[in-house]
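For the protein sequence lines, the chains are A and B, in the order given.
Be aware that the first sequence starts at 0, since it is given in numbering that gives the first Met the number 0, and climbs by one per residue.
Be aware that the second sequence starts at 0, since it is given in numbering that gives the first Met the number 0, and climbs by one per residue.
Treat the hints as calculated values from the structure; they're not laboratory data.
Among the hints, a few may not be true.
A pair counts as met if it fits within one copy or between any two copies, since identical chains are not told apart.
Derived DSS-like pairs (lysine-lysine); straight-line CA-CA distance at most 27 Å [to be verified]:
hint: 1; residue 1: LYS11; residue 2: LYS245
hint: 2; residue 1: LYS279; residue 2: LYS118
hint: 3; residue 1: LYS276; residue 2: LYS11
hint: 4; residue 1: LYS204; residue 2: LYS377
There are 2 protein chains.
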Amino acid sequence: MKQSQLFTKTQKDALKDEVSVNAQLLIRAGFVDKEMAGVYTVLPLGLRVMNKIENIIREEINALGGQEIFMPSMQPKENWLKTGRWDSMDDLYKVKDASGREAALGPTHEEIVVPLAQKFINSYKDLPFSVYQFQNKFRMELRAKSGILRGREFIMKDLYSFHLDEADLDAYYEKSKATYFKIFERAGLKEVTHLTFASGGSFSKYSHEFQAITPAGEDIIYVCEKCGLAVNKEIKAEVVECPECKNTQFREEKAIEVGNIFKLMTKYTQPFGLTVKNEKGETKEIVMGCYGIGLGRLMGTVVEVHHDEKGIVWPETVAPFQVHLLSLSQNEKAAEIYETMTAAGIEVLFDDRDANPGVKFADADLIGLPYQLVVSEKNMRDNRVEIKNRKNGTVEYASLDNLEILGYFQNK
Amino acid sequence: MKQSQLFTKTQKDALKDEVSVNAQLLIRAGFVDKEMAGVYTVLPLGLRVMNKIENIIREEINALGGQEIFMPSMQPKENWLKTGRWDSMDDLYKVKDASGREAALGPTHEEIVVPLAQKFINSYKDLPFSVYQFQNKFRMELRAKSGILRGREFIMKDLYSFHLDEADLDAYYEKSKATYFKIFERAGLKEVTHLTFASGGSFSKYSHEFQAITPAGEDIIYVCEKCGLAVNKEIKAEVVECPECKNTQFREEKAIEVGNIFKLMTKYTQPFGLTVKNEKGETKEIVMGCYGIGLGRLMGTVVEVHHDEKGIVWPETVAPFQVHLLSLSQNEKAAEIYETMTAAGIEVLFDDRDANPGVKFADADLIGLPYQLVVSEKNMRDNRVEIKNRKNGTVEYASLDNLEILGYFQNK
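This is chain A alone, in the form it adopts within the complex (with noise of 0.2 Å):
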């Protein structure tokens, strides 16, 4: 995409109102607007990432065998009541028609996916399967202050899983702690993500967090030292050791929840009384799994564990772009270089305004895409281009040759 047709503009200065570095950055380099306390606008280069950070789940989910569907906003009123939750939840938005009639405006989709699943499942032989959908939810957020972390309304991968029996979800549940752990690793959060245990409500044991450890985290977790396994505050007063290996030294950190999954069991099946009959004849209560990742808190995660003092820094396989070409007053050659790697399929943001190289570089380290292309009048004297590694800053250099240049990139 050429830089000059973007309709967003980088701004230079600090904002006054935003405290969160994901916010700072996101809203100055462009990426995203905000409306209202927790309500942002996604522009052009923010939907690149989220439509990137997407496909990366969807990926992921439908490898677990997630069917995918689009679950509505607008949920009944009797499905709240019967659950108890129109009553219970406090973050609840309701909304009214002019007949004076309520619904509620779905912050989860629990009371939606248990009819529609029970419209489905005649036998025991339709089970185990596993729905899941991107879609906004709303949440009436009281500190929506950290950024696009905790906003009021938000667009989150929820996943839920159907089983006969508790062996059944408790081994997809396994398996969707490898996929969770696969989703972080490929948005760039490998190192930072710790399985945190907590609170599993009555119904279970525990539940489990992924957890991004950063200053910018808003929750604490006690990292075991040994294994690398964390538990929550929640849970940190009732354990005294780490669940899984015994130890009983842990390291406090702050830390962002990217993920969590959870065993519902009948806590959501049961109001409806979704029950199957087993092989037996038996009438069984079916258990559930749910499985949630907020793309927009994913999103602002991976910026507050990867930017330096100058802007962004994108992991490659969720930067909008992964080349920025500079053209420093060589509009003509640069152009050439465009036509060319877009045509071959790289993603380019050809900087072709008409600014000065200060500025250019400047936004280029803002906008934080991994590699920066220079073509510029000393680069060409030299009969070379420049590529500059945004992470790292080490330099190399590419001859004038379009397919040299094409190459470099095509080996990464």
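Dock chain B against chain A, hints included.
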């Protein structure tokens, strides 16, 4: 995909509480599920159709120069007060948080996109540009009776364009008409879609609707017998001749509005004071256009236009899969064909269920994929497979050679 793994099932019998053909067929075939009046879940088969429609629209709107973004549903009340629509729009849902602060639940996005544009427009050189999104809209519809044609919650593509003057808007507006025709042509609605003149409100003489003729249509349009353009009911009383060719003969038709385009002029830029200095240094109010297509409505219209007494007849461009592979007790050979075809990138729904041929044929006709590939004992004896065209019922044969079967579909 293997049909035995699809969690949805077809329903044989007509639904008592659905009057519309689109909802009858889409629900019975397992494309959507109804949660409440005007509110649907999109199931795996339906989501594949929606994604194809979305991709067609995205390609064409990108070619028109649109930049994709994603705006929020929750919108500040102040913005809606500014345009006067907080009080004037009857179908606006309003939500209130715990502190009593109200927000609008967006039925459209002028109140977000204008202030957003304002943040990035510093000079006439920043114009023109256009942004669009695929996003959930909320409208308090009282007559949500037409299946997925008129929802209270529905995904819409909304595009907004910003121009320095009316001449530039006019040029873009004309181009958008061609883009819209291309979209409806690609979605299989070429023959039935008519550009229809509608009221332009107080700011512009006409707006334009794209109306698809079908008996299920809620709108009445008058199609010029000579040139095929149409006028809607609202303005028919005002015009005696075709606005295009001056002919005076019209025929009355029922139709569904599948898209609309509107010159907003300064209707929304004025209340927000969105101005820019032109080349001569004169301050000008920016003029706007908006351009909408509802995705669920488009899917429903395709079903209204393309079905028969047995079920849906999907156009290839938006079909969830291209081929329905029906195995009649010949699962081993069928599985081989399935592997060969999916590996070659052909989208196959493989009916590997343990069900009798009658059930499989009826489901295949109901679901409506373009080709039914039948692997049966009888065909095996004749050393061939049967390929039935869902639309016209013609039957062709290919030899049992996997590559020959593959070649048949690759040459389509």
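Checked hints:
1. LYS11 with LYS245: Neither. Shortest intra-copy (50 Å) and inter-copy (57 Å) distances fail the 27 Å Cα cut-off.
2. LYS279 with LYS118: Close inside one copy (22 Å), not across copies (66 Å); limit 27 Å.
3. LYS276 with LYS11: Classified as between; 23 Å across copies, 64 Å inside a copy.
4. LYS204 with LYS377: neither (65 Å within a copy, 57 Å between copies)
Consistency note: the structure conflicts with the earlier hints numbered 1, 4.
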